[in-house]
Amino acid sequence: MTLIRVLAAGLLSLLGTSLAAAQPGSSQPVRIIVPYAAGGLVDVMNRIMALRMAQTLGQPVVVENRPGANANIGPAHVMQAPPDGRTILATASYFSTNPLIESNLQWAPEKLMPVARFAVSPNVFVVSGKSSSVTLKDYLAEAKASPGKPIADAGRGATQTMVQQILADTAGVKFTPIQYKGGVSYVPDLISGILSGGVAPFNVALPLVKGGQLHGLAITSSKRSALLPQVPTMAELGFPEAAIDSWLGYHVPAGTPPDVVARLVAAVQDATSNEETRAKLAALGAESSYLDTSAFKAFLQNDLTRAQRAVKLSADNR
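Under the working numbering, the very last position in the sequence shown is 895; numbers go up by exactly one each time.
If you are wondering where the hints come from, they were derived from the structure by calculation, not from laboratory data. For clarity, every value in this text was computed on a predicted model and none was experimentally measured.
Below are the PhoX-like pairs computed for lysine-lysine, each with C-alpha atoms no more than 20 Å apart in a straight line: (1) K688 with K874; (2) K726 with K714; (3) K751 with K726; (4) K751 with K721; (5) K800 with K714; (6) K889 with K751; (7) K787 with K800; (8) K787 with K707; (9) K726 with K707.
Model the full structure from these sequences, guided by the hints.
Right, here's the structure in full:
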């Protein structure tokens with residue numbers, strides 16, 4: 578009986594730890610692992626979400642940055658974490674693209690479970706404010722007349738690169754991609770006109786288009802932005818395939834119990850419906866865009882299909 582009591586006590590201790598992680602009011606924090614540096618857009622958006630999610634979950638929610646290796650360190654860490662709901666991975670387009678373009682990955686998508694999507698942020702096709710092209714139709718006509726125009730390349734696998742690759746393929750034009758290291762370091766060359774055009778994140782494009790340094794020719798969102806109402810959507814212009822927004826969501830280690838996942842889903846849904854949270858995200862150029870687990874899975878499959886097309890186009894154009 579003594580051995581049975583010892584084993585039972587050990588089992589209850591382990592179960593208690595798991596339950597503490599899954600129950601409201603636990604003092605044990607939930608960690609959101611962001612695979613990017615602190616202070617960036619993805620980091621800030623996740624900190625906004627963490628504030629509201631902590632209220633819903635009834636326990637602390639903290640953001641932990643694990644940048645590096647093209648956003649591959651964070652997923653590897655979360656994949657190896659206990660599947661108890663206390664370690665969440667902040668995911669974005671890298672989740673679809675990195676497995677297609679990186680060798681020797683230390684993580685695998687199938688080892689991570691989708692929870693929910695919480696936001697999308699559009700991208701804007703821009704040219705210099707000095708450019709003679711004031712519409713996408715003009716720009717593409719010039720590109721067809723003079724193939725090989727230099728265009729900003731945000732990096733292999735980046736959402737912005739996917740947009741321009743699919744646009745070029747659909748429109749039947751050829752560009753010469755100029756690669757830049759780090760974020761949106763190509764923006765000064767867009768403004769000066771060294772580059773014929775490129776795709777920029779909305780939060781980067783907004784002040785420059787409003788200030789006249791750049792012209793916005795098309796936006797990837799499903800409808801025109803109230804902040805840039807003069808910029809038509811890709812779909813309006815006949816290029817729905819290039820209407821690719823940046824997105825943000827959450828994954829957890831495979832094997833996380835369904836009830837724990839359900840609590841996290843509820844916290845994400847609450848945060849994305851909260852007016853204060855929505856306003857804070859909107860101020861960063863993002864839109865609260867909740868998808869539950871099932872809808873998020875379907876979205877990820879579509880995102881993977883687009884990523885596969887873009888990666889193939891990139892390889893074909895080398």
